[in-house]
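> Numbering (the working numbering), first residue to last: 1 to 241.
Derived from the structure by calculation, the hints contain no laboratory data. Check before you lean on any hint, since a few could be wrong.
[Stated by the list, open to error] Label-pair restraints from in silico Cβ distances:
#, residue 1, residue 2, range
1, G110, A148, 22 to 32 Å
2, P200, Q133, 18 to 28 Å
3, A183, S236, 12 to 22 Å
Bear in mind that the values here come from a model prediction, so they are computed numbers and not experimental data. Positions of the beta carbon are idealized from the N, C-alpha and C atoms, including for glycine.
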Amino acid sequence: MVSGASISWVLMLMNCRRSKHPKPPTSQGVCEIFSPQQHAPQRSKSSPHAHPRHFHLALRHHRALIASMRTYLIMTILGSDRPGLVNSLAETVARHGGNWLECRMTRLAGQFAGIVRVECPHDHVDALLHELQSPSGDPGHTGLTVQAARESAEPTHPHRTIEVEVVGNDRPGIVREITAAIATAGGNIEELATNLESAPMSGHPMFRANGTVSIPESVAIGKITAAIENLGGDLSVDVTV
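Go ahead and model the full structure; you've got the sequences and the hints to work with.
Right, dumping it as C-alpha cells:
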C-alpha cells in the first residue's frame, strides 16, 4: 500500500520537472537533479551555434565559393632550350588544376623565352608558383627563370589593330628609329619580330620587321605609314588591317 507521504514526494518531483523555475524551498537539490537545463547558458536564436547544421552549410558554401574562384596569371619564362621543356611546364600547370590559355614562345641562339597566360584555382596559385620557381621542384624546370604576376584589368579604349611589315637596308639603330616613329604617331606595338636576310642579287643584309600595332580610332592608318617612310627612302612599308 502506497503511503500519503510517498504520493506527496512523487507529486513534488513532477512539479519540479514541469516548472520553468523549479526552486521549491525544501527540495532544491532534487529539482536540480531532474532539471539540469536551468543552469545551461541560454543560446540566442540568431547565433549560428544555436543551429549547427545551418552554420556548417554556410561554411561549406563559403569553401565551395573559394574553390570555384579562378586567378589569372601571366608568367615569363627564360632559360636554356631543351626537348620537352614546354611539355614540362604544361604538365605542372595541369597538375595544379590550371588551364593553359595562350602563349608566345620562341628559341633564339640556344635560349628559350616565353610568356604564358594561365588560369588556376584560387587556392592552388601559391603551390603552382612555388613549384615553378623552386629549384627543388620539377627537374624539367632546372635552369629556368620563371616570374609570375596576377593579371590586372587593362584599360579599355576604342582602338584598331593593324599588321605592319617593314623592309629595307639594314643599318645600326633601325629598330630604335622604327619603334620611335610608331610611338610618336600614336601606335602601340603589341608584337614584333625582326630578322636579317640576304638580298637576292647582291647578298647585302636586308632588314625585315613584322609587327602587330594597335592605334586609337582617332589616328589614321596613313599616319603610321608616313611616320615610318619618313625615316629613309629605302624603307618599304606594308600595312594590313
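> List in ascending order the numbers of the hints, as given earlier, that are violated by the structure.
2
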